[in-house]
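J.: Quick note, the sequences are listed as chains W and B, same order.
Throughout the first sequence, residue numbering follows the working numbering, covering 1 to 110 in sequence.
Throughout the second sequence, residue numbering follows the working numbering, covering 1 to 116 in sequence.
Check the hints yourself; a few may be wrong.
27 Å max Cα-Cα, derived BS3-like pairs, lysine-lysine [stated by the list, open to error]: (1) B:K44 with B:K78; (2) B:K62 with B:K83; (3) B:K44 with W:K68; (4) W:K60 with W:K77; (5) B:K71 with B:K15; (6) B:K83 with W:K52.
Hints are computed from structural coordinates only; laboratory data are not their basis.
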Amino acid sequence: GDSVTQMEGPVTLSEEACLTINCTYTATGYPSLFWYVQYPGEGLQLLLKATKADDKGSNKGFEATYRKETTSFHLEKGSVQVSDSAVYFCALSTGNQFYFGTGTSLTVIP
Amino acid sequence: EAGVAQSPRYKIIEKRQSVAFWCNPISGHATLYWYQQILGQGPKLLIQFQNNGVVDDSQLPKDRFSAERLKGVDSTLKIQPAKLEDSAVYLCASSLDGGGTPYEQYFGPGTRLTVT
């Protein structure tokens with residue numbers, strides 16, 4: 001069945017370091033791909049999305065490119081801030097179905 | 001615009017008791033979802049409504065869980081009787097349309113349930 005696998009955490013980085021969180025997917029159709037972020041004590045928020053191969057989603061300095069050949073949608077940011085500390089979830093949608101990864105906790109220290 | 005509202009935010013019950021959660025989606029959103037998020041895991045879809053009809057409830061443990069969405073607006077999720085393994089955060093989300101096109105889900109803050 002359809003599924004998402006993302007790198008396990010927790011991840012701890014110093015401020016201004018580069019971030020990559022790996023995400024790969026398995027899908028029978030042509031899914032849309034998402035990254036959601038969950039800040040402490042809050043609900044999930046959409047961070048970025050891509051709906052077809054080679055699309056790049058971007059928001060708040062984060063980017064992810066839909067790579068069909070490697071079935072990946074890695075999340076990247078060139079310089080993280082303390083305020084980026086959160087749990088990040090990769091997700092895919094094939095129409096009505098929505099599948100989330102297990103989440104990667106990121107802590108950014110000053 | 002107002003976001004997805006959920007209540008209560010926290011609930012502690014003993015096993016075998018019953019509990020109900022309430023969700024009010026964003027106005028105009030046709031599709032409503034209930035997810036279960038166990039600590040350390042990603043959200044798992046329990047049930048999806050489009051208007052007041054059920055689209056998918058394949059992962060809802062129907063022997064103890066039930067959900068309804070009267071009049072296609074707000075929704076309640078009930079657990080009766082609760083088990084220890086039901087301890088989780090229950091998330092409600094809504095979207096404009098779940099009809100097969102890419103869409104964004106808007107999530108509420110969740111209800112944290114602890115079953116003792």
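J.: Against the 27 Å threshold, does the CA-CA distance of K60 of chain W and K77 of chain W hold or violate the hint?
T.: 9 Å, holds
J.: Taken at face value, is the distance from the CA of K83 of chain B to the CA of K62 of chain B at most 27 Å?
T.: Between K62 of chain B and K83 of chain B the Cα gap is close to 14 Å, so the pair holds against 27 Å.
J.: Can you confirm whether the C-alpha distance between K83 of chain B and K52 of chain W stays at or below 27 Å?
T.: Roughly 41 Å between the alpha carbons, so the hint for K83 of chain B and K52 of chain W is violated.
J.: With a cut-off of 27 Å on the C-alpha distance, tell me whether K44 of chain B and K68 of chain W pass.
T.: Between K44 of chain B and K68 of chain W the Cα gap is close to 25 Å, so the pair holds against 27 Å.
J.: Take a quick look at whether K71 of chain B and K15 of chain B sit within 27 Å of each other, Cα to Cα.
T.: Given pair K71 of chain B, K15 of chain B is violated - Cα atoms ~31 Å apart, limit 27 Å.
J.: Going straight from one Cα to the other, do K44 of chain B and K78 of chain B come out at no more than 27 Å?
T.: Given that 27 Å is the threshold and the Cα spacing comes to 16 Å, the pair holds.
Of the numbered hints listed earlier, those contradicted by the structure are 5 and 6.
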